[in-house]
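What follows is the residue order along each chain.
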Amino acid sequence: MARPNRPRTVLVKRHGIVTRITHALNVVFVAVLLMSGLQIFNAHPALYWGQASTFESPWIAMTKAEIGDEARGITTIGSLRFDTTGLFGWSGREGAREPRGFPAWATIPSWRDLAAGRRWHFFFAWLFVANGLVYLAWTVLSGRLKRDLLPTRDQLRPGRLAREILDHARLRFPKGEAARRYNAIQKLAYLAVILVLLPAMLLTGLCMSPGFNAAAPWLTDLFGGRQSARTFHFLSAGLIALFVVVHVAMVVASGLWNNLRAMITGRYAIQPGEPPR
Amino acid sequence: MSLHRRGWLKAAGAGLGALWLAGCDRLTRSPGFTGVLRVAEQWTQGAHRLITDRNALAKEFGPEHISTDFRANGTLRPQDPGYLALLAENFAGYRLVVDGLVERPLALSLAEVRALPSRTQITRHDCVEGWSSIGKWTGARLSALLDRAGVKPEARYIVFHCADTLDPFATDGAGGYYESIDLVDAYHPQTILAYRMNDATLPVRHGAPLRLRVERQLGYKHAKYVMRIEAVASLDRIGRGQGGFWPDRGYEWYAGV
Numbered sequence: 272m273a274r275p276n277r278p279r280t281v282l283v284k285r286h287g288i289v290t291r292i293t294h295a296l297n298v299v300f301v302a303v304l305l306m307s308g309l310q311i312f313n314a315h316p317a318l319y320w321g322q323a324s325t326f327e328s329p330w331i332a333m334t335k336a337e338i339g340d341e342a343r344g345i346t347t348i349g350s351l352r353f354d355t356t357g358l359f360g361w362s363g364r365e366g367a368r369e370p371r372g373f374p375a376w377a378t379i380p381s382w383r384d385l386a387a388g389r390r391w392h393f394f395f396a397w398l399f400v401a402n403g404l405v406y407l408a409w410t411v412l413s414g415r416l417k418r419d420l421l422p423t424r425d426q427l428r429p430g431r432l433a434r435e436i437l438d439h440a441r442l443r444f445p446k447g448e449a450a451r452r453y454n455a456i457q458k459l460a461y462l463a464v465i466l467v468l469l470p471a472m473l474l475t476g477l478c479m480s481p482g483f484n485a486a487a488p489w490l491t492d493l494f495g496g497r498q499s500a501r502t503f504h505f506l507s508a509g510l511i512a513l514f515v516v517v518h519v520a521m522v523v524a525s526g527l528w529n530n531l532r533a534m535i536t537g538r539y540a541i542q543p544g545e546p547p548r
Numbered sequence: 092m093s094l095h096r097r098g099w100l101k102a103a104g105a106g107l108g109a110l111w112l113a114g115c116d117r118l119t120r121s122p123g124f125t126g127v128l129r130v131a132e133q134w135t136q137g138a139h140r141l142i143t144d145r146n147a148l149a150k151e152f153g154p155e156h157i158s159t160d161f162r163a164n165g166t167l168r169p170q171d172p173g174y175l176a177l178l179a180e181n182f183a184g185y186r187l188v189v190d191g192l193v194e195r196p197l198a199l200s201l202a203e204v205r206a207l208p209s210r211t212q213i214t215r216h217d218c219v220e221g222w223s224s225i226g227k228w229t230g231a232r233l234s235a236l237l238d239r240a241g242v243k244p245e246a247r248y249i250v251f252h253c254a255d256t257l258d259p260f261a262t263d264g265a266g267g268y269y270e271s272i273d274l275v276d277a278y279h280p281q282t283i284l285a286y287r288m289n290d291a292t293l294p295v296r297h298g299a300p301l302r303l304r305v306e307r308q309l310g311y312k313h314a315k316y317v318m319r320i321e322a323v324a325s326l327d328r329i330g331r332g333q334g335g336f337w338p339d340r341g342y343e344w345y346a347g348v
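Protein chains in written order, with the numbering used here: chain A, 272 to 548; chain B, 92 to 348.
In case anyone wonders, no lab produced these hints; they're calculated from the structure. Certain hints may be false.
Where chain A lies over chain B, by a calculated footprint (3+ residues, C-beta under 8 angstroms) [to be verified]:
hint: 1; region: 300 to 312
hint: 2; region: 333 to 343
Partial chain B-side listing against chain A, Cβ under 7 angstroms, derived [as the list claims (entries may be wrong)]:
hint: 3; residue: 119
hint: 4; residue: 128
hint: 5; residue: 150
hint: 6; residue: 158
hint: 7; residue: 217
hint: 8; residue: 222
hint: 9; residue: 240
hint: 10; residue: 241
Quantities reported herein were computed from a predicted structural model and do not represent experimental measurements. A virtual CB, placed ideally from N, CA and C, is assigned to each residue, including glycine.
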């Protein structure tokens, strides 16, 4: 018996098998890289611009400072000072605090161990690059980059973009037929991460390697020197972490199970009868 | 979204996070897993050697780039009696020993080391901790020294034995600093035994009387207070067998990243 009040649900093909596998691997690889990267950062929790470090004037630094007879975690950005006790500079359980840039729950391993952090980081950097190359090659060659990710001219009209931004801010997501494809904000965010931020992690990472510097010194100079490259590596990682937070929030807000099913089985449910928003 | 559902999602997220953290810590403690991670060092070295000419130079800078705050790390003033005795007489009795798999073992005074073909370079020193400083180094070319000693064909590594004990609590006798490089880096034109830094005699905190410069690798490879250079076929029987003080403690032997 037909139920006219309820829109019909159909499962459409959304993610191909290569997207699903490389995405799952990327979740693990990027998580390891971010957290082992913070372990490495903690060995010298300060950042500079240029070729060399200017120890008296990092643009950002996380330190432990004695204020009166109390230890505090202090983060400085330029001439600004923030008390970040418990988070940056001085963290850990009350009574067992220690001087460290990022806290134990943000690093791999949780204890301070630069050697182990580096082993994790470089092993997973190789896997991340291999996985990224497979994804990129497949996405470009199969035409999915153009079909799924490049915004159409019509999607880029300023009025339409403005409305999409407003809709996103109010957590109103496309319904019905419009949910078949990514909206423009989604496409632009994914493209920025896939083609700019993730490759920038690789390039700025290579620029910190003295061995690679001998092969391509111009690349390090392009980023303004090794310490600038380290700064860009950190900033780019921060933007990726920000993307992950927003991405996961949007996944939950726009239908956790439907999105999870799409990333696991490839099928995404839409209600074609519903009016688009 | 209902409050009930939100609480449930938060709990699930926190649970997953705790599981992830505990899992990563557990894997770090597992020798089998870290053994797998260590494979990446070979991939990195192989890739670097593939894309880099063996004589490709590390970037050199103009004098205006020299750091005024060049940081020193590791031992800053060796407390070993033998070193202190040499320092007290300004290294007059110092002899650089070159031995192991060489045709002609040597024991050179500092004057003889300074008489070897030399090279001056302004390069960036990259510490494994993440910072960099730029300095000017003058020293004897290691290739000239090795040619004078005549490295035997079976030698594969050059080991640098240092005067400083960095870990006085090591009970297995592996507390002394040492490092090693392969022959590609040993014969690289920028690989020198520096006796001058920034146009002055090399200071104690930077490794007087001689420190290795191996510019395509991280700072800990640049052994300070070098006393003896040994050509060997294998690193197994030196220290804890990993080819250096820090490699014995988990760091990469190939420190090109």
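Each hint tested on the structure:
no.	hint	result
1	300 to 312	holds (count 4)
2	333 to 343	holds (count 5)
3	119	holds, 4 angstroms
4	128	holds, 4 angstroms
5	150	holds, 4 angstroms
6	158	holds, 5 angstroms
7	217	holds, 5 angstroms
8	222	holds, 4 angstroms
9	240	violated, 26 angstroms
10	241	violated, 28 angstroms
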